[in-house]
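Student: Model the placement of chain S on the given structure of chain L, informed by the hints.
Residue numbers (this note's numbering), protein chains in the order written: chain L, 147 to 437; chain S, 147 to 437.
Hints were generated in silico from the structure; no laboratory data involved. Every clue listed holds true.
Repeated chains share a single entry, so a pair holds when one copy, or any two copies, can fit it.
Pairs of lysine-lysine, DSBU-like flavour, derived with a Cα cap of 30 angstroms:
(1) LYS342 x LYS307
(2) LYS307 x LYS390
(3) LYS239 x LYS213
(4) LYS342 x LYS226
(5) LYS158 x LYS239
(6) LYS342 x LYS418
There are 2 protein chains.
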Amino acid sequence: MLLGSIEAGGTKFVCAVGNEDYRVLDQIQFPTTDPETTIQQAITYFQKFPELTALSVASFGPIELQKNNQYYGYITDTPKANWSHVDLIGPLKQALQLPIYFTTDVNGSAYGEYVTSQLFNEKINSLVYYTVGTGVGGGAVINGQILQGIGHPEMGHTFVKRHPADLDFAGICPFHNDCLEGLVSGPTFEARLGVKGQDVSHDHQVWDIMAYYLAQAAIQQTMILRPDNIVFGGGVISEDFLTKVRAQFNQLLGGYVQVPALDQYLTMPRVKNNGSATLGNFALAYRVQSE
Amino acid sequence: MLLGSIEAGGTKFVCAVGNEDYRVLDQIQFPTTDPETTIQQAITYFQKFPELTALSVASFGPIELQKNNQYYGYITDTPKANWSHVDLIGPLKQALQLPIYFTTDVNGSAYGEYVTSQLFNEKINSLVYYTVGTGVGGGAVINGQILQGIGHPEMGHTFVKRHPADLDFAGICPFHNDCLEGLVSGPTFEARLGVKGQDVSHDHQVWDIMAYYLAQAAIQQTMILRPDNIVFGGGVISEDFLTKVRAQFNQLLGGYVQVPALDQYLTMPRVKNNGSATLGNFALAYRVQSE
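Only chain L is shown next, with the shape it has when bound in the complex (with noise of 0.2 angstroms):
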């Protein structure tokens, strides 16, 4: 069985192939420029697999998940050009005739990082899966499924309590300025201290200001959905940063409620390369299939 993903970012867009064992037997990726041109790249892409039996679409957001709204399959108000209120799942189901699930990018790293989880053996029932990268996001799956209210979660745009030394720093999201996004996000680093991420070095008192409101998120998470796992993927995460939030998570948790430890608590990704959103796209295309 061949199965699609897309992994629809803002930045670029990746589509794959795999089998019923989410192994990639294809793969392209090409920047996500003006939506026409862009979507049709990716249907010339998987009319090359006539085989293929499904496909999923994970997205930059915001999207319209709720089947009985009549934009359903849309990009709705993205800050990001050209691309608000644009039908991304319309043209794609037309031009491919294929059963298309269509989810979050999270949501779909997030069930890439669940499918894995079972497939490890792991005793993992619910997932977080945060991004700290261009922007803050999340996605969850608890007891199997993707976590879904009247639209999908915005986990990226919740409050914390500022560090001390931060106060000065009012925050880079344009509607809430020092929601986690606005002062954790890659671009941050700019807005602080005038250089990129990666020129900042590790013993920076501004990593431990950063793993401050990432622990934070994790209480926040820990308290309101007890998951078995929160993973951090993005490209402000490292194994040395994620050290930092573990140590700030253990003193503001104060030994409140117990969780696993901590180094399988708090993660890194285990499908390496960014792949997890991909192999979450595999596994919802073969559910969708089988519906």
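Tutor: Showing chain S alone in chain L's frame:
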């Protein structure tokens, strides 16, 4: 059919018997003294109803809800004197020989509100219930199921951005200082102002400060669970105070995601006179007897 409810609070136990329409037919309450006496009072009460089909217990916590745990049915590490590591469900089950559902007080209330929303034919798929009283707690129902991870939620123990006029207040949570419970529970009035909440005038600034924090709790739920409704119960909550919470919420949200009209989104309980948990218990007892 007769269904039983115990709302096991730290101050008092409320025991009730109802029918399958979830109507209260009989009810008593007595103070929570030592475990043996209190549990025996509940047993003696329900033994007057030999036709009882099932019972549900919504308890103060923390409690053990994992059925495969040897301490299932216990109250675990509670600060309440003499009640740590007490088997609550075991003695009830042995004496009454009934199917018993066990959950937290706030889960019971959340379920009662959810069931009532269904009876009222509201379009509610998921709902959060916060209590703001002696402590702060929260429970959630998602697609008809009580939210549960590796333990029950402890939604009162997340952190929030501090109000500029409240930076000197350390907070009163013995575990976390200035978590939500440490900032907005009932006893914070005396800690901040030296007087009880009922003696604080409605135009005192402390209400704006506390509204700012509860608005952030509502933002957390909005961004993580995207529920249809967030209910606030408990002694600190009034319609007047909720008006302030809604205004702060609206400002903090910044129009970022769509939510229902705020007077239908952030609400007082549907069930009057603190009856949410008892009604929820009847519905959960009904569910457990049919399983």
